[in-house]
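Undergrad: Each chain is listed here by its residues.
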Amino acid sequence: MFLELSQIKRAFGEGESRVEVLKGIDLKIEKGEFCVLLGPSGSGKSTLLNIIGGIDTADSGYISINGEKTADMNEKALTRYRRKHLGYIFQMYNLIPNLNIKENVEVGAYLSDSPLEVDELLKTLGLYEHRHKLPNQLSGGQQQRTAIGRALVKNPDILLCDEPTGALDYKTSKEILALIDDVHNKYGTTVIMVTHNDAIKNMADRVVKLRDGMIRSDRLNETKLTVDELEW
Amino acid sequence: MRDPLNKRLGKQLREELGKYTIIFLFFVMMIGATSGFIVSDTGMIDAYNESFEKYSIEDGNLEFMLKPEDSVLEDIEKDGGIKLYENYYKDEETDSFDSTLRIYGERSEIDRLCIWEGELPSAKNDIALDRLYAKNHSLKPGSSFQVSGRTLNVCGIVAFTDYSALYESPTDLMFDNDMFGVGAMTDEGFEAFNDDHLHYSYSWMYDKSPANDSEAQDMSEELVKTVSEKAMLQNFIPAYSNQAIHFAGNDLHNDRTSMLTFLYITMVILAFIFVVTTESTIAKEASVIGTLRASGYTKLEMIRHYMKLPMYTLLAASVVGNVIGYTLLEKYMAAAYLGSYSLTTYEVSFNADAFLLTTVIPFVIMFVINLTALARKLSLSPLKFLRRDLSRGQKKKAFRLNTGIGIMTRFRLRIFFQNIPGYIVIIFGIILGYSILFFGLMFEPMLDNFKEETLNNMIADNIYVLRMPVETDDQNAEKAAMLSLETTFEKYKAEDVSVYGIADDSKFVKIDHGKGVSISTAMMNKYGLEKGDRLKLTEKYSDKDYEFTITGSYDYPASIAIFMDLDSFCETFELDDGYFNIYFSDDKLEDIDERLIMSRITEEDMTKTSRQMTRSMGSIMNVFKWFGVAMFVMVIYLLAKLIIEKNAQSISMTKILGYYDREINGLYVHTTTIVALLSMLCTLPLVDFLIGAIFKMVFMNYSGYFAYETDLTVMLKCLIIGIVSYSLVAFVLNRSVKKIPLAEALKNAE
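Each protein sequence line maps, in turn, to chains U and H.
Numbering follows my numbering, with no gaps: position 135 of the first sequence is 141.
Numbering follows my numbering, with no gaps: position 171 of the second sequence is 173.
If you're looking for bench data, these hints aren't it; they were derived computationally from the structure.
Since we're looking at a predicted model, the values are computed, not measured.
One should not assume that every hint holds.
[Said to hold, decoys possible] Derived SDA-like pairs: lysine to any residue, alpha-carbon spacing no greater than 20 Å straight-line: (1) U/K90 with H/Y662; (2) U/K15 with H/A745; (3) U/K139 with H/L75; (4) H/K741 with U/E81; (5) H/K310 with H/L19; (6) H/K210 with H/L75; (7) U/K139 with H/F401; (8) H/K310 with H/Y662.
Isolated chain U (complex conformation) (with noise of 0.2 Å):
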């Protein structure tokens, strides 16, 4: 198993104001799988993809990536982690301000020893003509562009979405989310996306549903849709 999650638990507060976000999830994702975490808000998804991801940490239980179990890493080995498997996309982009497009880029394949070719993937990304600018100088959609070439220009093993389409319109929604799909069959990237939008789950390999912080389905999608058919 590419991927595999152990009753994970995580809670926030203490006494009275304690809130279980997570109360055992168990997970398991093969390499290369698309995998939607579905669910309404404060189902807990966002908190699970931040401890795959290792920006938080769980109060019990293991993530292990190829056999490797990430509690077991102390901190350096655990940026290391991120470094070479992980990509991350977020609802806010999260660019670095002040530099321009394909220095943001450029910021990911830093990172990588077999970066993507940084001007193929802007021109990929249709981002070119945009590559001196500013982030504050594009759109929402082409920033989440950059996000996405930052993320991809690395070449990572596992994509990791939280909720990309979340703060754009229909139509910029579904170019980004044929970018990851693309990006998906192209490479063969694991891709581990975070949403609450019940129409995305359609073009998943995997869909796993969360409320309350607990799994409450995960089954895989045998009538897997294009992005082009998705509709909401």
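Guided by the hints, dock chain H onto chain U, whose structure is given.
TA: The following block gives chain H in isolation, referenced to the frame of chain U:
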């Protein structure tokens, strides 16, 4: 209803407690030191100003070559519109320790004494001594010491109001309260010393006091003519030009100005630090501000909110600073003056001036700078705040950087350009910190160097100035002549110039004068004179002028002097051939009658400037060193930390991407490191230049010359202290970077 925004103040304070604590402490330090200084300074200035009337300080003093007849004195008083008071003194050598003690008789009408301790002399061997001189030689009421073979008993410790700075001679560059002192005895005790070293000195008071220095100058110019027509003058010193009377007062005034200037410069820098940090807070809280503005909060309310913490910090620091200033630091500041000057007793009281200068004005500076900057920053529309777009006009464009440069270097350059305003404040902070540090470090080596240069370039171990030509059997002694003229430069006040007539083939002054004169390097450097220039000097107590052509210089770094050959000297000043009035000698001349020697200039006399300056400034220099370092560390730390805080989300994002801490430090801390180190390197020569210019300006008003020389070790020390201080800051900054959580990047998604 109370402003609900006030609830946010506590949170903001907690979040930036470190910053506010450091700024608060710095405010306390600055305001405490300045108020302590102003309070003691004002007390002393008031006492000093009152002393002119209270102790009847003279309008001037003059000395005759010979004892004048009563009729001559009466004529002078009548024609000069003055009243003369006999104020004879004898310069005696102390036997118990090495010093010259100027002894006066009783003073009841003029230049009266202020008693610090004990009482005025009543017995023949009683002496009341100047406070500092007594302190420097561990004498107190009840002590005894030997002077010219007599045992004197100290009966009182006093301040001579005409010697608030112990200048032995008006031509001295610096006062000397160790090797020179003043004392008063009963007339009987005074007369018991022989008359070998008696000076026929008189103090005068005008019948109608001059209104100001300019009038005093006009009146003294008239008076000197009147007096010199009736008697041979040895000395003529109007009070307005008497350093012994005015130096301390001027210094008290000047230091007050310097201290306040320093306070205000620091306040401006601190105000800008607040501006930069508050702007960063505003950027961070843009959406909150946008929401509040959209909800109906006015721009003024927002400005008021963001000004509260800086102003409250200053207010709290003002209270604490003033309390510390009045209680603890006043004594410390006063000690610095009382350790240098023989001031009269003074009292400290609440001082509205000090409050205005050290509290109200800094408050206004801080208020105006913050208000201006915040009004500008908060004038954007609520929508812009909501969109977190705080740029004015068009969106800021990225300028292009050569893509041939590696991404990490470009990243650093972008950080640099993003933070230019902060770096500019850092550079100013470094310049200010360096200036203080430089000032604290430079004096010791400079004084040592000055002393060494002076000693290396002494004409002879002894220069005997004679009252009249007298022969010696010492074959190694060399005859020469000397007299005093005054400079006539329009831009500068007149100062004494020693004119030397040097024998041909002199073994002491080896110089080829040609047809003109050689001038001392001190004079050349002080007045920027060059070979070929014409130099006009004037006789002190007459209108007679002399013009010389400068044909060379002579390495004589401490004195304002010119050198010419002896024959030309006699010809120029219409003296008989073969005239001489000084001996240069490396030996002590034993066969000359003491009464015929006016003075003997030795190593001690030549080095008293550096000795006194070391004593006066030594302890305060350590304060400067530490203050400079504190300034340095504070400015760099606050602004560098701000750069990190401002980029917290980007730093967090780079962590998520998988950058190691050392790589992130390489981006965010090393950029500041490069700026700080380059600034430290590049601003040192500038600071050297600035201090040099200030130094030259200040010393231009002093008699003589004190060369500003920077020792390379001072530069190196500054640099090393700078680097060590910065290393400390960088260490803390690295930890700050490490502490930024990965989840920080997720904050704006909330």
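Undergrad: Each of the hints needs a verdict: does it hold here or not?
TA: To see whether the hints hold, each was checked on the structure:
1. Restraint check for U/K90 and H/Y662: satisfied, since their Cα atoms lie roughly 12 Å apart, inside the 20 Å limit.
2. In summary, the hint linking U/K15 to H/A745 is supported, as the alpha carbons are separated by about 18 Å, within the 20 Å threshold.
3. Of the supplied pair hints, the one linking U/K139 and H/L75 is violated, its CA atoms being roughly 92 Å apart against a limit of 20 Å.
4. For the suggested pair H/K741 and U/E81, the alpha carbons sit about 13 Å apart, so the restraint of at most 20 Å is met.
5. Annotation: proposed proximity of H/K310 to H/L19 holds, straight-line Cα distance about 15 Å (limit 20 Å).
6. For the suggested pair H/K210 and H/L75, the alpha carbons sit about 18 Å apart, so the restraint of at most 20 Å is met.
7. A threshold of 20 Å between alpha carbons decides the hint, and for U/K139 with H/F401 the separation of about 9 Å falls inside it, so the pair holds.
8. For the hint linking H/K310 to H/Y662, the alpha-carbon distance of about 39 Å lies beyond 20 Å, and the restraint is violated.
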